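Asks: Based on the provided sequences and hints, a complete structural model is requested.
As you go down the protein sequences, you meet chains A and B in turn.
Here UniProt numbering is used: position 5 in the first sequence is 5, and no number is missing along the way.
Here UniProt numbering is used: position 552 in the second sequence is 552, and no number is missing along the way.
Keep in mind that the hints are not guaranteed to be accurate.
Stated by the list, open to error - Ranges between beta-carbon positions, derived for each pair:
| no. | chain 1 | residue 1 | chain 2 | residue 2 | range |
| --- | --- | --- | --- | --- | --- |
| 1 | B | Leu617 | A | Val77 | 25 to 33 Å |
| 2 | B | Arg351 | A | Arg63 | 55 to 63 Å |
| 3 | B | Arg681 | A | Lys60 | 29 to 37 Å |
| 4 | A | Lys60 | B | Asp55 | 48 to 56 Å |
| 5 | B | Val62 | A | Ala73 | 45 to 53 Å |
| 6 | A | Lys59 | B | Lys117 | 55 to 63 Å |
| 7 | B | Val62 | A | Val67 | 56 to 64 Å |
| 8 | A | Val67 | B | Arg522 | 49 to 57 Å |
| 9 | A | Ala76 | B | Lys117 | 35 to 43 Å |
| 10 | B | Arg661 | A | Val67 | 45 to 53 Å |
| 11 | A | Val77 | B | Gly277 | 38 to 46 Å |
| 12 | A | Ile84 | B | Gln639 | 28 to 36 Å |
Hints were generated in silico from the structure; no laboratory data involved.
These numbers were taken from a predicted model, which means no experiment stands behind them.
Yeah, the Cβ is synthetic: ideal placement off N, Cα and C, and Gly gets one too.
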Amino acid sequence: MENRREKSRIGHTHDPNEVTIQIDSVEFRRLQAAQMTPEAPRESADGPVFVDESGRRSKKFRRIGWVLALVCAGYAVTLVVALIGGNSNAPSLLIPGPADDKADTAEETPGPSDAPSAPAPAGAEVVAGVPSPSGSPAAVPRQPAGSAGEPGGDRSSSPAGASGTGAATTTGGAGGAGGATADPKPTVSTPPGGAGGTGGEEPPPDPVDPTTPTETATEEPTGEPVAQGRQLAGEGAR
Amino acid sequence: MTASGRRAARRQKSVRRSAIRRRLPMRYLLPTLFLVALLAMLMLRGYVHSEILADHRVRPPVSSGQVPKDVLNGGPVIDARTPGAPKALRVPDKNLVLTFDDGPDPVWTPKVLDKLKQYDAHAVFFVTGTMASRHPELVQRMVAEGHELGLHTFNHPDLALQTQSRIDWELSQNQLALAGAAGIRTSLFRPPYSSFSAALDDKSWPVTEYIGSRGYITAFNDTDSEDWKRPGVEAIIKRATPKGTKGSIVLMHDSGGDRSQTVAALSRFLPDMKERGYRFANLTEALGAPSAHTPVTGPDLWKGKAWVGAVAVSEKTTSALTVGLAVIGVLVFLRFGLMLLLSFGHARKVRRRRFRWGPAVTEPVTVLVPAYNEKECIENTVRSLMESDHPIEVIVIDDGSSDGTADIVDDMWLPNVRVVRQANAGKPEALNNGIRNARHDIIVMMDGDTVFEPSTVRELVQPFGDPRVGAVAGNAKVGNRDSLIGAWQHIEYVMGFNLDRRMYDVLRCMPTIPGAVGAFRRQALERVGGMSDDTLAEDTDITMAIHRDGWRVVYAERARAWTEAPESVQQLWSQRYRWSYGTMQAIWKHRRSVIDSGPSGRFGRVGLPLVSLFMVLFPLLAPLIDVFLLYGLVFGPTQKTIVAWLGVLAIQAVCAAYAFRLDKERMVHLISLPLQQLLYRQLMYVVLLQSWITALTGGRLRWQKLRRTGVVEAPGSIPTQRQGSDERRPVG
Numbered sequence: 001m002e003n004r005r006e007k008s009r010i011g012h013t014h015d016p017n018e019v020t021i022q023i024d025s026v027e028f029r030r031l032q033a034a035q036m037t038p039e040a041p042r043e044s045a046d047g048p049v050f051v052d053e054s055g056r057r058s059k060k061f062r063r064i065g066w067v068l069a070l071v072c073a074g075y076a077v078t079l080v081v082a083l084i085g086g087n088s089n090a091p092s093l094l095i096p097g098p099a100d101d102k103a104d105t106a107e108e109t110p111g112p113s114d115a116p117s118a119p120a121p122a123g124a125e126v127v128a129g130v131p132s133p134s135g136s137p138a139a140v141p142r143q144p145a146g147s148a149g150e151p152g153g154d155r156s157s158s159p160a161g162a163s164g165t166g167a168a169t170t171t172g173g174a175g176g177a178g179g180a181t182a183d184p185k186p187t188v189s190t191p192p193g194g195a196g197g198t199g200g201e202e203p204p205p206d207p208v209d210p211t212t213p214t215e216t217a218t219e220e221p222t223g224e225p226v227a228q229g230r231q232l233a234g235e236g237a238r
Numbered sequence: 001m002t003a004s005g006r007r008a009a010r011r012q013k014s015v016r017r018s019a020i021r022r023r024l025p026m027r028y029l030l031p032t033l034f035l036v037a038l039l040a041m042l043m044l045r046g047y048v049h050s051e052i053l054a055d056h057r058v059r060p061p062v063s064s065g066q067v068p069k070d071v072l073n074g075g076p077v078i079d080a081r082t083p084g085a086p087k088a089l090r091v092p093d094k095n096l097v098l099t100f101d102d103g104p105d106p107v108w109t110p111k112v113l114d115k116l117k118q119y120d121a122h123a124v125f126f127v128t129g130t131m132a133s134r135h136p137e138l139v140q141r142m143v144a145e146g147h148e149l150g151l152h153t154f155n156h157p158d159l160a161l162q163t164q165s166r167i168d169w170e171l172s173q174n175q176l177a178l179a180g181a182a183g184i185r186t187s188l189f190r191p192p193y194s195s196f197s198a199a200l201d202d203k204s205w206p207v208t209e210y211i212g213s214r215g216y217i218t219a220f221n222d223t224d225s226e227d228w229k230r231p232g233v234e235a236i237i238k239r240a241t242p243k244g245t246k247g248s249i250v251l252m253h254d255s256g257g258d259r260s261q262t263v264a265a266l267s268r269f270l271p272d273m274k275e276r277g278y279r280f281a282n283l284t285e286a287l288g289a290p291s292a293h294t295p296v297t298g299p300d301l302w303k304g305k306a307w308v309g310a311v312a313v314s315e316k317t318t319s320a321l322t323v324g325l326a327v328i329g330v331l332v333f334l335r336f337g338l339m340l341l342l343s344f345g346h347a348r349k350v351r352r353r354r355f356r357w358g359p360a361v362t363e364p365v366t367v368l369v370p371a372y373n374e375k376e377c378i379e380n381t382v383r384s385l386m387e388s389d390h391p392i393e394v395i396v397i398d399d400g401s402s403d404g405t406a407d408i409v410d411d412m413w414l415p416n417v418r419v420v421r422q423a424n425a426g427k428p429e430a431l432n433n434g435i436r437n438a439r440h441d442i443i444v445m446m447d448g449d450t451v452f453e454p455s456t457v458r459e460l461v462q463p464f465g466d467p468r469v470g471a472v473a474g475n476a477k478v479g480n481r482d483s484l485i486g487a488w489q490h491i492e493y494v495m496g497f498n499l500d501r502r503m504y505d506v507l508r509c510m511p512t513i514p515g516a517v518g519a520f521r522r523q524a525l526e527r528v529g530g531m532s533d534d535t536l537a538e539d540t541d542i543t544m545a546i547h548r549d550g551w552r553v554v555y556a557e558r559a560r561a562w563t564e565a566p567e568s569v570q571q572l573w574s575q576r577y578r579w580s581y582g583t584m585q586a587i588w589k590h591r592r593s594v595i596d597s598g599p600s601g602r603f604g605r606v607g608l609p610l611v612s613l614f615m616v617l618f619p620l621l622a623p624l625i626d627v628f629l630l631y632g633l634v635f636g637p638t639q640k641t642i643v644a645w646l647g648v649l650a651i652q653a654v655c656a657a658y659a660f661r662l663d664k665e666r667m668v669h670l671i672s673l674p675l676q677q678l679l680y681r682q683l684m685y686v687v688l689l690q691s692w693i694t695a696l697t698g699g700r701l702r703w704q705k706l707r708r709t710g711v712v713e714a715p716g717s718i719p720t721q722r723q724g725s726d727e728r729r730p731v732g
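Replies: If you want it as structure tokens, here you go:
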């Protein structure tokens, strides 16, 4: 008893920096409680509320605390690891069709895949090229790409004719090929670039051409981006 | 000492030392890590919601002189993987490649996918990394249903404005998101803000070339539906439709706003074009190439999954926190409103000219002054009592002081003042000892360091004219309010007494009678068994017990007691640590009152929730508010954040000003209110957090003394140096 009092008295003068020190035991407290209290308290706690003399709870929470701490630290570390050292390269992809087309644009066809699998491409191309649907039509439209080619009018009109089944647009296509003024409704709204095929008629005014698309460019991207930017911003605000 | 004994001693010592070493960091380390993780989650959320690092600038177009003619006039698929020999590929006739940009979107993408599925069509989705990270399940579904994925950068900047390393970052982050969501990488790319390949210019072409050098096929479009302008279903279809049987890459959007028109257009466009003989293939199908997808395996796959998982965790956590904080915010403001309303009502009621509690109380009362090492203060305290205009008996209970406190009082030779000495046993026991020695039926309790005004005791006991009143809380005032820390506590005290306590008075659930100035009916004390040292806040404990016994506890605003507030952060910390921990103990001790019937149940269902929520639970989440605030200042809408903060501050200022007005205090001290919100509040929640940890782990707070300077005096009383303990609890 004396001893404990001594302890608690020491407690008073102790360094206030250490705030969690067990000072007196439960028994001491009970002895004190027994001295007074004419009527028993309505709700007597078993000891000082929350205090766990055994220290078991502290240990348990310490363990839980470590787990939580690890989880939190792990989260931050995971994030950092996931964010650093990404790979921005694309996996290699072989596009077969271009082979014919390349004859026009560039001499070296298989070159595209700078990947080590360079030899394979040639074979793969052939194999992949086998699918007739892609292979044959690809050859046709590609010609226009070579600006040196024949007047696009010819070419674009021929597919249009082929798809003659289509009612309204067919005329549109033909009109576009003819001279653009013929049919107001179909593709007028579509900027010149969209009718890439029709661009075939451009060969003569080659120098003029670049400006036309550029103008389109002014209109198109500015319109979209602003709106998109706004949308993104709106999204952010949400 | 034997060798083994020495070893044991050493072991014991090392155990103790390591216990201390382990004990200290944890209670600070864990909260810090929590905050770090939370901040990481917030930043991550900002990153995938395009609040952080997003660049919404768009570059004006420039001339296109340096773009190869073949590209300008060629097809929309640019294969620039061979330096110097770019190819512009075209989609074969009767092939339509639908492309959807900016997704996946949780609302519209599923609808688009449903339509595509319905008509057995394949498409290409150019997804942004942000959206793919947030909705990985949609990316999975795209792949599973045979669609193709392309990169659209991570957060949609205009790449022509970005550095090469940023472009690399955008690509790798986008691939990371795809790997995490669907376990693939892709070779397709479409730059943000792009349109036709003919629209390439001298700024965007180098970017396209660079991206080609990284191995990507860049896909522009032939027909732009312009659905993002929401021009109507008809217009979308018209713009998307190619001429004749020409092959076409069609640009649409499945994200970035209301896409109902796009979905509606699809449900007509798909069947109509199929009827015209078109097939809807994804890009590599149309070009007759193998899939653009490559499975990701090994560490890269795990990195991707970790990324997507981290984003999911951050999305869920921050959303829940936002909702939680919003709810708390609303409750806190409701409480402010209620406080203003009820304190107005209370002040009106008790300030009516003819207001009386009952017959005037004139009988003598006992004043208990528990003292432990109060040699600097005790004389002042006792002398202030001698001025009392109400008949009193003073009992000074010396709790085993070692500085001769009792002798000082004895030497004053005052009539009506008795000194009771006891071995040091703590304040509750000292008060119980005093109660046993008290001769009168009304017992006033004060602290050894508090100074009463002459009228304090009289004002304090008047409510006992009402027989239902079991205890009365007085009005404690901070004397040393000229320092910053003193001014903050002054604001806190004035608000605590004039708003909180009036509200609690009206609601009949006062949680605390301050130890500095309170009065009790002896009968009430005896019925609840006197003071208990179950908790470190015996004043809160006893007040709750008296409530539960069915007594009323009221607030006497004119019973002023002057006290000295802690003047150092260390002292303030100790005092508040004990208060908040003690309050938690008292709440826990009386927790069963929630299910009681009668007055006890009433207190348990009104008072306890109020105190638990607003004093113990919500303040614990206050650090989150600060973290959100900080985030808003740095990344978010800075202006809005500041305005919101000022708004909250204004509301608090209004409340504080009203409280000051009620107490006729000078408003000048309110100047430090903004600063209080920036420094003082944080100290308070760190203290509360520490109390929580101590409570959970079962440690015990040591009784703590304050070091005092001794400058407080009641107006008109004799100034003396003072020193004392911290046994005041002014703020409910």
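Asks: 25 to 33 Å was suggested as the range; check whether the CB atoms of Leu617 (chain B) and Val77 (chain A) agree with it.
Replies: Roughly 31 Å apart at Cβ, these two residues keep to the hinted range, so it holds.
Asks: Determine whether the Cβ-Cβ distance between Val67 (chain A) and Arg522 (chain B) falls within the hinted range of 49 to 57 Å.
Replies: At roughly 52 Å between Cβ atoms, Arg522 (chain B) and Val67 (chain A) fall inside 49 to 57 Å, so the hint holds.
Asks: Assuming the hint says 55 to 63 Å, is it satisfied by the Cβ distance from Lys59 (chain A) to Lys117 (chain B) or not?
Replies: holds (57 Å)
Asks: Does the Cβ distance between Arg661 (chain B) and Val67 (chain A) fall inside 45 to 53 Å?
Replies: Holds: the Cβ-Cβ distance is about 51 Å, inside 45 to 53 Å.
Asks: Between Lys60 (chain A) and Asp55 (chain B), does the C-beta distance stay in 48 to 56 Å?
Replies: Holds - the Cβ-Cβ distance for Lys60 (chain A) and Asp55 (chain B), about 49 Å, lies within 48 to 56 Å.
Asks: Assuming the hint says 35 to 43 Å, is it satisfied by the Cβ distance from Ala76 (chain A) to Lys117 (chain B) or not?
Replies: At 40 Å between Cβs, range holds.
Asks: Assuming the hint says 55 to 63 Å, is it satisfied by the Cβ distance from Arg351 (chain B) to Arg63 (chain A) or not?
Replies: At 57 Å between Cβs, range holds.
Asks: Could you say whether the range 45 to 53 Å given as a hint is met by the Cβ separation of Val62 (chain B) and Ala73 (chain A)?
Replies: About 48 Å separates the Cβ atoms of Val62 (chain B) and Ala73 (chain A), which means 45 to 53 Å holds.
Asks: Given the hint of 29 to 37 Å, check if Arg681 (chain B) and Lys60 (chain A) actually sit that far apart at their C-beta atoms.
Replies: About 31 Å separates the Cβ atoms of Arg681 (chain B) and Lys60 (chain A), which means 29 to 37 Å holds.
Asks: Could you say whether the range 28 to 36 Å given as a hint is met by the Cβ separation of Ile84 (chain A) and Gln639 (chain B)?
Replies: holds (33 Å)
Asks: Could you say whether the range 38 to 46 Å given as a hint is met by the Cβ separation of Val77 (chain A) and Gly277 (chain B)?
Replies: violated (56 Å)
Asks: Range hint 56 to 64 Å: satisfied by the CB atoms of Val62 (chain B) and Val67 (chain A)?
Replies: holds (57 Å)
Of the numbered hints given earlier, the model fails hint 11 alone.
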